[in-house]
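Peer 1: Chains as they are written, first to last, in the UniProt record's numbering: chain A, 1 to 332; chain B, 1 to 288.
Heads up, some of the hints might be wrong.
Which residues of chain B face chain A? A few of them, derived with a C-beta cut under 10 angstroms, are [what the hints assert, rightly or not]:
no., residue
1, Leu83
2, Leu87
3, Leu141
4, Ile144
5, Ala145
6, Val146
7, Thr263
8, Leu268
What the hints contain is simulated information worked out from the structure, not anything from laboratory work.
Glycine residues also receive a C-beta, built at the ideal position from the N, C-alpha and C atoms.
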Amino acid sequence: MATVFGTIAVLALAVAGFFVPAAFGGGGAVYSACVLIAIFAVMAYGLDLIVSDLGEVSLGHPVFFASGAYATALLSTEAGLSPVLTFVASLAVAMALALLVGFITLRLREFVFSLVTYAVTVVALTLAENWSALGGSDGIAGIPLFTVDAGIASFRAVTDRDLWPVAYGLLLATLWLVSAFRRSRLGNAALKVHLNPRLATMSGIDPQKTRLMVFLVSAPMTAAAGWLYAYQRAYISADLLSPYFLILMLTAVVIIGRRLLLAPLMGVALILVQEKFFSFGGDVDRIILGCALIVSLAFLPGGIAGTARALAARIRRSDDPARTNAKNEGAT
Amino acid sequence: MNLGQQILNGLVLGHSYALIAIGWTVLLGVARLVNFAHGQMYMMGAFVAWMVMAKVGLPYPLALVTSVLAGVLIGFVMQEVMLGLTLRQDLVSIMIVTLGFGYVLHGVAAIAFGSTGQILDTPFSTINVYWNDIWFTGQDLFIIAVTVAFFIALQLVLAKSRLGRLARMVAEDPKLAILAGVDVRRVYFGVFAFQGAAVALAGAIVGPRTPILTSMGFEEVIITFFVVVLGGIGSVLGSYLAGLSLGLFTAFFGALVSPAYTTPAAFLVLIAVLVLRPGGLAAKPGGA
Numbered sequence: 001m002a003t004v005f006g007t008i009a010v011l012a013l014a015v016a017g018f019f020v021p022a023a024f025g026g027g028g029a030v031y032s033a034c035v036l037i038a039i040f041a042v043m044a045y046g047l048d049l050i051v052s053d054l055g056e057v058s059l060g061h062p063v064f065f066a067s068g069a070y071a072t073a074l075l076s077t078e079a080g081l082s083p084v085l086t087f088v089a090s091l092a093v094a095m096a097l098a099l100l101v102g103f104i105t106l107r108l109r110e111f112v113f114s115l116v117t118y119a120v121t122v123v124a125l126t127l128a129e130n131w132s133a134l135g136g137s138d139g140i141a142g143i144p145l146f147t148v149d150a151g152i153a154s155f156r157a158v159t160d161r162d163l164w165p166v167a168y169g170l171l172l173a174t175l176w177l178v179s180a181f182r183r184s185r186l187g188n189a190a191l192k193v194h195l196n197p198r199l200a201t202m203s204g205i206d207p208q209k210t211r212l213m214v215f216l217v218s219a220p221m222t223a224a225a226g227w228l229y230a231y232q233r234a235y236i237s238a239d240l241l242s243p244y245f246l247i248l249m250l251t252a253v254v255i256i257g258r259r260l261l262l263a264p265l266m267g268v269a270l271i272l273v274q275e276k277f278f279s280f281g282g283d284v285d286r287i288i289l290g291c292a293l294i295v296s297l298a299f300l301p302g303g304i305a306g307t308a309r310a311l312a313a314r315i316r317r318s319d320d321p322a323r324t325n326a327k328n329e330g331a332t
Numbered sequence: 001m002n003l004g005q006q007i008l009n010g011l012v013l014g015h016s017y018a019l020i021a022i023g024w025t026v027l028l029g030v031a032r033l034v035n036f037a038h039g040q041m042y043m044m045g046a047f048v049a050w051m052v053m054a055k056v057g058l059p060y061p062l063a064l065v066t067s068v069l070a071g072v073l074i075g076f077v078m079q080e081v082m083l084g085l086t087l088r089q090d091l092v093s094i095m096i097v098t099l100g101f102g103y104v105l106h107g108v109a110a111i112a113f114g115s116t117g118q119i120l121d122t123p124f125s126t127i128n129v130y131w132n133d134i135w136f137t138g139q140d141l142f143i144i145a146v147t148v149a150f151f152i153a154l155q156l157v158l159a160k161s162r163l164g165r166l167a168r169m170v171a172e173d174p175k176l177a178i179l180a181g182v183d184v185r186r187v188y189f190g191v192f193a194f195q196g197a198a199v200a201l202a203g204a205i206v207g208p209r210t211p212i213l214t215s216m217g218f219e220e221v222i223i224t225f226f227v228v229v230l231g232g233i234g235s236v237l238g239s240y241l242a243g244l245s246l247g248l249f250t251a252f253f254g255a256l257v258s259p260a261y262t263t264p265a266a267f268l269v270l271i272a273v274l275v276l277r278p279g280g281l282a283a284k285p286g287g288a
């Protein structure tokens, strides 16, 4: 009974989510913000699997995001491929890169792992800026509209309002994938490797293989976000590898709390709503985002959700008359 | 290719790299801490020196002092915010927090100094020396002189003084150091202040070689990683040699292949080292 009820609630929430931009007035700016929130949330979920489940901090995820966007931009402008084919290509390129990065970093842990993945991002940035095949410092412009022709019906996204169903669909698919991953054997193994590598090894889990597999799930997720971002912007450049996307992902993953399904989505929404509707200019926004990251890690170890839970527990304890009585009785 | 010129370029670059990285080497060697805001602190050092000279009109030595003080201040503030994480040795959180600090510093610098590039001119950088077919500036010589003096002084302090013994003790076993009555907090603050001072000094001394930009920290820090990892994490002499090798490599790769791809090429060298001796990276704690 409870699971049926739960399924209905989840479905209702999923349907309701589609009407969020309409509920906020349905203006062009609202749809643009919602599409970006969905795209960046998908990007952040890829990193979330590494940070929350595997317990390592990958600073190389902007590379997967950029690889999806670059594959899409190159194949749609040069070869005229449709979004379906560029989607497949984006995932394939990201998985190939994930294998490469995964192999290089297989035996590295903690900050050496992070150092090397950070280096991967900077190396990719210098390559993207200098390599003319990737558009060099000019980037790649003229990415065609998101158009799918399926015989009788065809879909063509001119504005962000048109693109919203695609972005929302991608977000739902990602949420389903993340929750399925956490219930899967691989998700379980990743958590064991994270919390107790020795015990994991003793129970027959190969930590290195697990890490590689999680990378192979995580990278295409972030790349799928890059795929849609290329269509949304119609122009991409090496800026995709700038610190902004890295800090955005990291903040979104830690600010609300770890291992909560909706946390990265809420984190991205918080950041984007501030940037799009309450902006103080690029540099001040940068300071706000950086401070949000610092404060959530240095002072709110469980994120906003953890802090709220701790507060609620404290209030409940002080309000609970039964417990106060019991304490008094114990004292007498 | 002018061989002598490339060797000289490599030596100057190498000393620059070693000077930029030394704060991190000590931070990692003594406190087992990492700081991803290192590149932005370097940028801050260069811009504070530029501001003091170009806007306030004070001479270069005072600009150096101001930069170092700014570096100490930034280091102190960071350590104050992260003290809880440091005492818990929560390396992963510390790493992300320092990334956040770097991002904040970038925003602050863009507001304070504007986002256009600047040239940091010093009394030495305008001296041009031509010797046969080799060209260098007074600033190049100044970089080498300061770096060599800095490394010798640091090596002496770490090996001979009470301060150095304290630092090595904390690095070896922080808990034992607490039992022995060492105020570990003060050591952590000291190390962070030293790191800030060293990298800000590097900014004010190495910065004049290239145009300075408020966005340069993100890439600048990468050189430091290479130096620290190649030199054996935490080793002072190792990072000097690693800086020098990396400088020569960069100069020759730039001259023979392409200056645009030196970072990827250096990265391949780093990967080769990591794959060939993944366990052999940790140096003796304390860095001496």
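Peer 1: The structure should be examined with respect to each hint, and the outcome stated for every one.
Peer 2: Quick rundown of the hints versus the structure:
1. Leu83: Since the shortest Cβ distance to chain A is 9 angstroms, the answer is holds.
2. Leu87: 12 angstroms, violated
3. Leu141: 29 angstroms, violated
4. Ile144: With a minimum Cβ separation of about 27 angstroms from chain A (threshold 10 angstroms), the hint on Ile144 of chain B is violated.
5. Ala145: With a minimum Cβ separation of about 30 angstroms from chain A (threshold 10 angstroms), the hint on Ala145 of chain B is violated.
6. Val146: 27 angstroms, violated
7. Thr263: 5 angstroms, holds
8. Leu268: 9 angstroms, holds
Hints 2, 3, 4, 5, 6 from the list above are not met by this structure, while the remaining hints are.
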